[in-house]
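> Chains as they are written, first to last, in our numbering: chain A, 1 to 168; chain B, 1 to 168.
It is possible that part of the hints are untrue.
To be verified - Chain A residues, not near chain B, derived (Cβ > 10 angstroms throughout):
{"hint": "1", "residue": "Ser18"}
{"hint": "2", "residue": "Ala28"}
{"hint": "3", "residue": "Lys32"}
{"hint": "4", "residue": "Lys52"}
{"hint": "5", "residue": "Ala84"}
{"hint": "6", "residue": "Ala88"}
{"hint": "7", "residue": "Gln91"}
{"hint": "8", "residue": "Glu110"}
Unchecked claim - With a cut-off of at most 16 angstroms between alpha-carbon atoms, the simulated EDC-like pairs for lysine to aspartate or glutamate come out as follows:
{"hint": "9", "chain 1": "B", "residue 1": "Lys19", "chain 2": "B", "residue 2": "Asp159"}
{"hint": "10", "chain 1": "A", "residue 1": "Lys158", "chain 2": "B", "residue 2": "Asp46"}
{"hint": "11", "chain 1": "A", "residue 1": "Lys168", "chain 2": "B", "residue 2": "Glu127"}
{"hint": "12", "chain 1": "A", "residue 1": "Lys167", "chain 2": "B", "residue 2": "Glu119"}
{"hint": "13", "chain 1": "B", "residue 1": "Lys168", "chain 2": "A", "residue 2": "Glu127"}
{"hint": "14", "chain 1": "A", "residue 1": "Lys157", "chain 2": "B", "residue 2": "Asp46"}
{"hint": "15", "chain 1": "B", "residue 1": "Lys158", "chain 2": "A", "residue 2": "Asp46"}
{"hint": "16", "chain 1": "A", "residue 1": "Lys81", "chain 2": "A", "residue 2": "Glu36"}
{"hint": "17", "chain 1": "B", "residue 1": "Lys19", "chain 2": "B", "residue 2": "Asp154"}
{"hint": "18", "chain 1": "A", "residue 1": "Lys121", "chain 2": "B", "residue 2": "Glu163"}
{"hint": "19", "chain 1": "A", "residue 1": "Lys121", "chain 2": "A", "residue 2": "Glu110"}
{"hint": "20", "chain 1": "B", "residue 1": "Lys157", "chain 2": "A", "residue 2": "Asp46"}
{"hint": "21", "chain 1": "A", "residue 1": "Lys167", "chain 2": "B", "residue 2": "Glu110"}
{"hint": "22", "chain 1": "B", "residue 1": "Lys167", "chain 2": "A", "residue 2": "Glu119"}
{"hint": "23", "chain 1": "A", "residue 1": "Lys168", "chain 2": "B", "residue 2": "Glu119"}
{"hint": "24", "chain 1": "A", "residue 1": "Lys12", "chain 2": "B", "residue 2": "Glu127"}
{"hint": "25", "chain 1": "B", "residue 1": "Lys12", "chain 2": "B", "residue 2": "Asp159"}
{"hint": "26", "chain 1": "B", "residue 1": "Lys12", "chain 2": "A", "residue 2": "Glu127"}
{"hint": "27", "chain 1": "A", "residue 1": "Lys12", "chain 2": "A", "residue 2": "Asp59"}
{"hint": "28", "chain 1": "B", "residue 1": "Lys167", "chain 2": "A", "residue 2": "Glu127"}
{"hint": "29", "chain 1": "B", "residue 1": "Lys168", "chain 2": "A", "residue 2": "Glu119"}
{"hint": "30", "chain 1": "B", "residue 1": "Lys121", "chain 2": "A", "residue 2": "Glu163"}
{"hint": "31", "chain 1": "A", "residue 1": "Lys87", "chain 2": "A", "residue 2": "Glu36"}
{"hint": "32", "chain 1": "B", "residue 1": "Lys167", "chain 2": "A", "residue 2": "Glu110"}
{"hint": "33", "chain 1": "B", "residue 1": "Lys81", "chain 2": "B", "residue 2": "Glu36"}
{"hint": "34", "chain 1": "A", "residue 1": "Lys52", "chain 2": "A", "residue 2": "Glu85"}
Stated by the list, open to error - One side only, chain B facing chain A, incomplete, derived with CB under 10 angstroms:
{"hint": "35", "residue": "Met1"}
{"hint": "36", "residue": "Lys12"}
{"hint": "37", "residue": "Gly120"}
{"hint": "38", "residue": "Lys121"}
{"hint": "39", "residue": "Trp122"}
{"hint": "40", "residue": "Gln131"}
To be clear, the hints were calculated from the coordinates, so they are not data collected in a lab.
Even for Gly, the Cβ is constructed at its ideal location relative to N, Cα and C.
Number of protein chains: 2
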Amino acid sequence: MLYQSTIPQFTKMLNNLSKILDKAAAHAELKKFDVEVLLNSRLAPDQFHLIKQVQIACDTAKLGVSRLTGREAPVHEDQEKTLAELKARIQDTIKYLESFSEDDFKESEERKITTPRWEGKWLTGWEFAQQHAIPNLYFHVATAYSILRNNGVDVGKKDYLGEMPYKK
Amino acid sequence: MLYQSTIPQFTKMLNNLSKILDKAAAHAELKKFDVEVLLNSRLAPDQFHLIKQVQIACDTAKLGVSRLTGREAPVHEDQEKTLAELKARIQDTIKYLESFSEDDFKESEERKITTPRWEGKWLTGWEFAQQHAIPNLYFHVATAYSILRNNGVDVGKKDYLGEMPYKK
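Work out the full structure, taking the sequences as your base and the hints as a guide.
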């Protein structure tokens, strides 16, 4: 079940984030400034800039499913500086997400999850997914969106949510 | 199952939002300005202000579970203007969330969900929860947080995520 609560939606949100970055690039081109100004923007001086928000969104997805399944995650060195590099990072993360099957998650709900920061403390996989990985993924995508919104990029909630599989 | 993916976490996030509003009030008091300045702030001129972000976060939770279960939701008139009124709105929404049991959600995954804006189109309950209600709830809490972060309120991601049920 945690497969269904994580993989499809993490993939969708990272694709939405990639398209939001395209809108940032189009805005910068229209206004004739370098898109890297936006990539280095933030909402507060002690907040991570947009590049880091995208990197953390990717890592939240990648490390989230890695921890839930016990499968090793690819290493990313956080060297991205350009829009093209950030989009490649997103695509690389999506490729990793797409390598999972429901079977990989079969013991994930009860698995003991910890991270280097938690000093030996742990959560069950269910708690980790619901209270940590999922809210964090949305937080960093929404924060990346907000940084662009605050800088005049024409993004709206549909860009954040993406397409819905409506039926008639 | 959709009970477990919505009710506990929606409740937790609304409680976190209420505490974030307390931090906004404390900041305004310290800096000697009226907290209503913050309540009427936004990240872009064509974005909803903080009051509306809180109202929508509440309605996303309330209408989300109402639609998933077919249970009627209490009506709120969006008249809140003060911090106390916003916090009462949050508490009223939490009270409604707390009235649900797992049993209320037993047919929710397959239920056909529509909203007045969708002109007759629909999603399954599972799709609606995963792709619409849950991401929207996090979006509006994160946006409320970002508006305050952008205005110098001392909030951090722990305020957004809330306490974790760590075990040793």
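> Hint by hint, say whether it matches the structure.
For each hint, the structure was consulted:
Annotated as non-interface, A/Ser18 keeps its C-beta farther than 10 angstroms from every C-beta of chain B; the closest such distance is 16 angstroms. Here A/Ala28 stays apart from chain B, with its beta-carbon at least about 16 angstroms from theirs, past the 10 angstroms limit. A/Lys32, annotated as away from the interface, keeps every beta carbon of chain B farther than 10 angstroms; the closest lies near 20 angstroms. No beta-carbon of chain B comes within 10 angstroms of the beta-carbon of A/Lys52; the shortest separation is about 13 angstroms.
With a least beta-carbon separation of about 26 angstroms from chain B, A/Ala84 lies farther than 10 angstroms from that chain, consistent with its non-interface assignment. The claim that A/Ala88 lies off the interface holds: its Cβ sits roughly 24 angstroms from the closest Cβ of chain B, which is beyond the 10 angstroms cut-off. At the 10 angstroms boundary, the C-beta of A/Gln91 stays outside the reach of chain B, the nearest C-beta of that chain being 21 angstroms off. In this structure A/Glu110 is separated from chain B by more than 10 angstroms, as the shortest Cβ-Cβ distance comes to about 12 angstroms.
Restraint check for B/Lys19 and B/Asp159: the C-alpha separation of about 8 angstroms stays at or below 16 angstroms, so the hint holds. Proposed proximity of A/Lys158 and B/Asp46 is supported: the alpha carbons are some 15 angstroms apart, at most 16 angstroms. Of the supplied pair hints, the one linking A/Lys168 and B/Glu127 holds, its CA atoms being roughly 14 angstroms apart against a limit of 16 angstroms. Restraint check for A/Lys167 and B/Glu119: the C-alpha separation of about 11 angstroms stays at or below 16 angstroms, so the hint holds.
With a C-alpha separation of about 14 angstroms, the suggested pairing of B/Lys168 with A/Glu127 holds against the 16 angstroms cut-off. The hinted pair formed by A/Lys157 and B/Asp46 meets the criterion: a straight-line CA distance of about 12 angstroms does not exceed 16 angstroms. With a C-alpha separation of about 15 angstroms, the suggested pair B/Lys158 and A/Asp46 falls inside the 16 angstroms cut-off, and the hint holds. Simply put, A/Lys81 and A/Glu36 have alpha-carbon atoms about 8 angstroms apart, close enough for the 16 angstroms limit, and the pair holds.
Pair hint B/Lys19 plus B/Asp154 holds up; C-alpha atoms about 12 angstroms apart against a cutoff of 16 angstroms. Our distance criterion of 16 angstroms between C-alpha atoms is met by A/Lys121 and B/Glu163, whose separation comes to about 13 angstroms. Pair hint A/Lys121 plus A/Glu110 holds up; C-alpha atoms about 15 angstroms apart against a cutoff of 16 angstroms. The suggested pairing of B/Lys157 with A/Asp46 holds, with an alpha-carbon distance near 12 angstroms, which does not exceed 16 angstroms.
Between A/Lys167 and B/Glu110 the alpha-carbon distance is near 13 angstroms, which keeps this suggested pair within the 16 angstroms criterion. Distance hint between B/Lys167 and A/Glu119 is fulfilled; the C-alpha atoms sit about 11 angstroms from each other, no more than 16 angstroms. For the hint linking A/Lys168 to B/Glu119, the alpha-carbon distance of about 9 angstroms falls within 16 angstroms, and the restraint holds. About 13 angstroms separates the Cα atoms of A/Lys12 and B/Glu127, which keeps this hinted pair within 16 angstroms; it holds.
Annotation: proposed proximity of B/Lys12 to B/Asp159 holds, straight-line Cα distance about 11 angstroms (limit 16 angstroms). Distance hint between B/Lys12 and A/Glu127 is fulfilled; the C-alpha atoms sit about 13 angstroms from each other, no more than 16 angstroms. The suggested pairing of A/Lys12 with A/Asp59 holds, with an alpha-carbon distance near 15 angstroms, which does not exceed 16 angstroms. As the CA atoms of B/Lys167 and A/Glu127 are separated by approximately 11 angstroms, the hinted pair is consistent with the 16 angstroms bound.
Distance restraint check for B/Lys168 and A/Glu119: the Cα-Cα separation of roughly 9 angstroms lies within the 16 angstroms cut-off, and the hinted pair is therefore satisfied. Between B/Lys121 and A/Glu163 the alpha-carbon distance is near 13 angstroms, which keeps this suggested pair within the 16 angstroms criterion. The hinted pair formed by A/Lys87 and A/Glu36 meets the criterion: a straight-line CA distance of about 13 angstroms does not exceed 16 angstroms. Of the supplied pair hints, the one linking B/Lys167 and A/Glu110 holds, its CA atoms being roughly 13 angstroms apart against a limit of 16 angstroms.
With a C-alpha separation of about 8 angstroms, the suggested pair B/Lys81 and B/Glu36 falls inside the 16 angstroms cut-off, and the hint holds. Proximity of A/Lys52 to A/Glu85 is assessed by CA-CA distance (about 12 angstroms); at most 16 angstroms being required, the pair is judged to hold. A hinted interface residue such as B/Met1 counts as satisfied when its beta carbon comes closer than 10 angstroms to some beta carbon of chain A; here the least separation is about 7 angstroms, so the hint holds. Against a cut-off of 10 angstroms between C-beta atoms, the interface hint on B/Lys12 holds, since the closest Cβ of chain A lies about 7 angstroms away.
Contact between B/Gly120 and chain A, as hinted, is supported at the beta carbon level, the nearest pair being about 7 angstroms apart and thus within 10 angstroms. The criterion of a C-beta within 10 angstroms of any C-beta in chain A is met by B/Lys121, whose closest approach is roughly 4 angstroms, and the hint holds. Because the beta carbon of B/Trp122 sits about 6 angstroms from the nearest beta carbon in chain A, less than 10 angstroms, this interface hint is met. Here the hint on B/Gln131 is kept, as its CB sits about 6 angstroms from the closest CB of chain A, short of 10 angstroms.
Every hint from the earlier list agrees with this structure, and none is contradicted.
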